[in-house]
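*Asks:* Line order of the protein sequences matches chains S and C. Just so you know, we're using numbering that gives the first Met the number 0 here: the first sequence kicks off at 0 and counts up by one. Just so you know, we're using numbering that gives the first Met the number 0 here: the second sequence kicks off at 0 and counts up by one.
Accuracy of the hints is not assured; some may be wrong.
Said to hold, decoys possible - Now the in silico label distances, taken between C-beta atoms and shown as ranges: (1) GLY203/C / LYS398/S: 36 to 46 angstroms; (2) PHE174/S / THR171/C: 21 to 31 angstroms; (3) ARG84/C / ASN109/S: 35 to 45 angstroms; (4) GLY269/C / LYS479/S: 48 to 58 angstroms; (5) ARG517/S / ALA6/C: 54 to 64 angstroms; (6) ILE260/C / THR33/S: 17 to 27 angstroms; (7) ALA144/S / TRP168/C: 26 to 36 angstroms; (8) GLU468/S / THR171/C: 29 to 39 angstroms; (9) PHE174/S / LEU230/C: 57 to 67 angstroms; (10) THR33/S / SER312/C: 38 to 48 angstroms; (11) GLU379/S / GLY269/C: 43 to 53 angstroms.
Keep in mind that the hints were calculated from the coordinates and are not lab data. Every residue, glycine too, gets a C-beta built ideally from N, C-alpha and C.
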Amino acid sequence: MKYRLGIDVGGTNTDAVILDEKNTVMAKCKEATTTDVSSGIKKAVDRVLAESQIAPGDIVDAMLGTTHATNAIVERRGLSKVGVIRISGPSGYSIPPFIEWPEDILTALNYSYEIVKGGYEYNGALISGSDPVEIEKALEKIRAAGAEALAVSCVFSPVNSEQELQVQEIAGKMFGKDLPVTLSHEIGSIGLIERENAAILNAAIRRLAENAYSSFQNVLKDHGINADLFITQNDGTLMSIDYAKKYPVLTIASGPTNSLRGAAYLSGIKDAIVVDVGGTTTDVGVLNNGFPRESSSAVEMGGVRTNFRMPDLIAIGLGGGSLVDLQKSPVTVGPRSVGYRIHSEAKIFGGSTLTATDIAAAAGMVSLGDVSKTGDINKEKAREAVQVMKEMVEEVIDKMKISAGDVPVVVVGGGSILIPEVLAGASSVIKPDHFEVANAIGAAIAQVSGSIDGVFDVATKGREAVLDEVKTQAKAEAVKAGADEETVNVVELEEIPLAYLPSNAVRFRVKAVGDLKRA
Amino acid sequence: MQYLKEADLDYIAVGAAILGAGGGGDPYIGKLMAKQAIKKHGDVKLISADEVPDEGFIMPSAMMGAPAVMLEKLPNGAEPEFAFRSLEAYLQKKAYAVLSIEAGGLNSCIPIYTAACLGLPLVDADGMGRAFPELPMVTFSVAGVSATPMVVCDEKGNKMVLETVTNDWAETLARTATVAMGLSSMISIYCMDGKTVKKYAVRGTISLAREIGRRIIESNKAKINPIDSILEVTKGHRLFQGKIMDVQRDLTTGFVRGKLIIEGTEKDKGSVFELDFQNENLVGTKDGKAVAMTPDLITVLDKERGFPITTESLKYGQRTVVIGMPCDPFWRTEAGLKQVGPRYFKYDLDYTPIEELVKENA
Numbered sequence: 000m001k002y003r004l005g006i007d008v009g010g011t012n013t014d015a016v017i018l019d020e021k022n023t024v025m026a027k028c029k030e031a032t033t034t035d036v037s038s039g040i041k042k043a044v045d046r047v048l049a050e051s052q053i054a055p056g057d058i059v060d061a062m063l064g065t066t067h068a069t070n071a072i073v074e075r076r077g078l079s080k081v082g083v084i085r086i087s088g089p090s091g092y093s094i095p096p097f098i099e100w101p102e103d104i105l106t107a108l109n110y111s112y113e114i115v116k117g118g119y120e121y122n123g124a125l126i127s128g129s130d131p132v133e134i135e136k137a138l139e140k141i142r143a144a145g146a147e148a149l150a151v152s153c154v155f156s157p158v159n160s161e162q163e164l165q166v167q168e169i170a171g172k173m174f175g176k177d178l179p180v181t182l183s184h185e186i187g188s189i190g191l192i193e194r195e196n197a198a199i200l201n202a203a204i205r206r207l208a209e210n211a212y213s214s215f216q217n218v219l220k221d222h223g224i225n226a227d228l229f230i231t232q233n234d235g236t237l238m239s240i241d242y243a244k245k246y247p248v249l250t251i252a253s254g255p256t257n258s259l260r261g262a263a264y265l266s267g268i269k270d271a272i273v274v275d276v277g278g279t280t281t282d283v284g285v286l287n288n289g290f291p292r293e294s295s296s297a298v299e300m301g302g303v304r305t306n307f308r309m310p311d312l313i314a315i316g317l318g319g320g321s322l323v324d325l326q327k328s329p330v331t332v333g334p335r336s337v338g339y340r341i342h343s344e345a346k347i348f349g350g351s352t353l354t355a356t357d358i359a360a361a362a363g364m365v366s367l368g369d370v371s372k373t374g375d376i377n378k379e380k381a382r383e384a385v386q387v388m389k390e391m392v393e394e395v396i397d398k399m400k401i402s403a404g405d406v407p408v409v410v411v412g413g414g415s416i417l418i419p420e421v422l423a424g425a426s427s428v429i430k431p432d433h434f435e436v437a438n439a440i441g442a443a444i445a446q447v448s449g450s451i452d453g454v455f456d457v458a459t460k461g462r463e464a465v466l467d468e469v470k471t472q473a474k475a476e477a478v479k480a481g482a483d484e485e486t487v488n489v490v491e492l493e494e495i496p497l498a499y500l501p502s503n504a505v506r507f508r509v510k511a512v513g514d515l516k517r518a
Numbered sequence: 000m001q002y003l004k005e006a007d008l009d010y011i012a013v014g015a016a017i018l019g020a021g022g023g024g025d026p027y028i029g030k031l032m033a034k035q036a037i038k039k040h041g042d043v044k045l046i047s048a049d050e051v052p053d054e055g056f057i058m059p060s061a062m063m064g065a066p067a068v069m070l071e072k073l074p075n076g077a078e079p080e081f082a083f084r085s086l087e088a089y090l091q092k093k094a095y096a097v098l099s100i101e102a103g104g105l106n107s108c109i110p111i112y113t114a115a116c117l118g119l120p121l122v123d124a125d126g127m128g129r130a131f132p133e134l135p136m137v138t139f140s141v142a143g144v145s146a147t148p149m150v151v152c153d154e155k156g157n158k159m160v161l162e163t164v165t166n167d168w169a170e171t172l173a174r175t176a177t178v179a180m181g182l183s184s185m186i187s188i189y190c191m192d193g194k195t196v197k198k199y200a201v202r203g204t205i206s207l208a209r210e211i212g213r214r215i216i217e218s219n220k221a222k223i224n225p226i227d228s229i230l231e232v233t234k235g236h237r238l239f240q241g242k243i244m245d246v247q248r249d250l251t252t253g254f255v256r257g258k259l260i261i262e263g264t265e266k267d268k269g270s271v272f273e274l275d276f277q278n279e280n281l282v283g284t285k286d287g288k289a290v291a292m293t294p295d296l297i298t299v300l301d302k303e304r305g306f307p308i309t310t311e312s313l314k315y316g317q318r319t320v321v322i323g324m325p326c327d328p329f330w331r332t333e334a335g336l337k338q339v340g341p342r343y344f345k346y347d348l349d350y351t352p353i354e355e356l357v358k359e360n361a
């Protein structure tokens, strides 16, 4: 028998699961996340191995989801010095790189940049050809300015990546491994500034991510696990660990995504609203065809505007540890929370703080801890608090829906007990088995994707022909990323006509996904 | 004397999106360009139309094409100056000041950039008081000002000076050139003397955009809902309040056109609002009865924060307040309505000013 190991490192907990070939859960656990990340992972792996009694050698794939790099960006910690080559001339000079970045991160990055000739039009035609000599000179300059990592951006590189690849090649010849290169087309979609920003952030966290992923590899090696290693990315699909070391920024929102994917798998429902209740917050997202609906607007990361695809989520301050104030009228729940200290501070666990979990226990929604400790709670007020929590969730569900009809709602996460069996706007409320480790399961079952984003002329080629072309390209990308060709399907297709042009220029965003190809 | 400072651009970008009436493109790129230029060249002098001498030569500056493409292919930055110098040489005249032809959306910020780079004053006025999709949809055109000689240029240094027999031809030829230039271009168009500006420009629209934006941003900082304050400064009306139930977009034509359906909440509970848009919001009806129509401005706002929601970002479930604002009186003339009234956009409606519709429906 062959097994998969799924691990999700969140802010509070590190969860692990082992699944068999049929995706049956063999073992699961929750451990506290540690500041060094790897000792938390080590503990979790110890536990699931012990619980399942599975030989480490039988684990053939290991998937990790971690938000480790996000904190580095937010805290401006351990970042590399970054230089940027933007290939855009003669366009692009009006707004140079690093525009509107916060001062403190600019200081941390010791930034430098050069704009060189090149770039493409929307249809892939050249804005101008690139000049290798100019590129060499630009690289020398940013290296002299102290750059330890290079980010390369190019106009419409999601349509044509050739010139970005050319800069990578030249930089490789000049500096080899001393100057790791991030190419913008590997990261983001249309929108030069946001994509370039994402590439810069990626360049800044590469060294740090490389260390984190290497220590994950070491933890597994120490346990005798000789599996293929993967990291889950923001869209819930997999990257090989070697690729993730190069493009860690693509993994920074994988936590909520893994929960959504886990919820889809555990419930068997592909189109639903997912409510993920943690200790402090509740994330509400939408599953479309088994994948998270992605946000279409710009996402700020540590004060920097980016455009990589993130799951479209609304987070509210409601969790198992949320503080409840019954004196207020109306009663309030959250946003402050005891967080991971719930096991000592909540009343039912012998503490003195009234939390949302205490209310759920007092209302008989769950049997947990010592309910007698909640005897002094006014029953009327407790019912009111239950109603407040219900309405908080109902409001978000309604905001996330894209049409008026009722939809199934899948509830996962450690704080799921707070959510009643019936919700307005929900055709049904499903709390699947293993709901508390949905995120680690989401990591373990993750698939492989490929995507295309570009502007196409539908007038000359015809819409159908363009549709065929973009679908085929997206599928080919998925196969290139390691998907089994037999299983690849298009899961997302967006068609956005460009305003103010009668020329039938349409932007297509397509994503194809398939199962990981087995050796 | 008034000056536009770097910080004003944050206000103008938000206010211009309100005046965009759902369209006009995201001012983001224009805002960044103008901020950069002001940082480099200094604040921009903002003069009222009255301050322009009758014989002063006024040159408008604008981008043309798909704002979405400009998010990827950023301008070189020299285009507006290039356009100005070409036209100046062609006409043997020197520009006295820069003018905006479109105060709504992205084109609110481009002339500020141009003025900063060239060290010229910017006239506090424009040719629409809002956003419209075509070149002849400016007050000047309706008043008989020729769009040409105009310049269309790109980031590579290509330029075309156009002289056309009508302003509709200017639209057709400049749009074709823009497509060939990669879907976006920079133009200078409707050059005219100060006397004409004073007669036909929609006045005070740059400072109006700034004031609207200032009110929205500052109210939000103070955790106050800005909508009443927006209505006060725009002489606008609260048309409807509710939740978006459906957004229908017709994607087959290549233009963004569609219909928005909002279900009333609070005092509008039980009512339904329909909003037709084609790039911009054009006709709003409440329970089947028109309550506002082009050329009056209709803008959808986020109910809580008062920020404008453009037609591309409308989504099911958004809590909104729809506001209507009176257009410039010039648009309400017979000639104005012929160019931008409901019938031009193929609605079988006679234009009725928003104030009258509000009274009728009260």
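*Asks:* Could you run down the list of hints and mark each one as holding or not?
*Replies:* Each hint tested on the structure:
Take GLY203/C and LYS398/S: their Cβ atoms lie about 37 angstroms apart, and the range 36 to 46 angstroms holds. With their beta carbons about 52 angstroms apart, PHE174/S and THR171/C fall outside the hinted range of 21 to 31 angstroms. Between ARG84/C and ASN109/S the CB atoms are about 39 angstroms apart, so this pair conforms to the stated range of 35 to 45 angstroms. A C-beta distance of roughly 55 angstroms is found between GLY269/C and LYS479/S, which places it inside the suggested range of 48 to 58 angstroms.
Under the hint 54 to 64 angstroms, the C-beta atoms of ARG517/S and ALA6/C, about 58 angstroms apart, fit the expected range. At about 51 angstroms, the CB distance of ILE260/C to THR33/S disagrees with the hint of 17 to 27 angstroms. Distance hint check for ALA144/S and TRP168/C: the Cβ-Cβ separation is about 51 angstroms, which falls outside the suggested range of 26 to 36 angstroms. The hinted range of 29 to 39 angstroms is satisfied by GLU468/S and THR171/C, whose Cβ atoms lie roughly 30 angstroms apart.
Between PHE174/S and LEU230/C the Cβ separation comes to about 59 angstroms, which falls inside the hinted range of 57 to 67 angstroms. Checked against the hint of 38 to 48 angstroms, the C-beta distance between THR33/S and SER312/C comes to roughly 41 angstroms, which is consistent with it. Between GLU379/S and GLY269/C the beta carbons are some 33 angstroms apart, a value that contradicts the proposed interval 43 to 53 angstroms.
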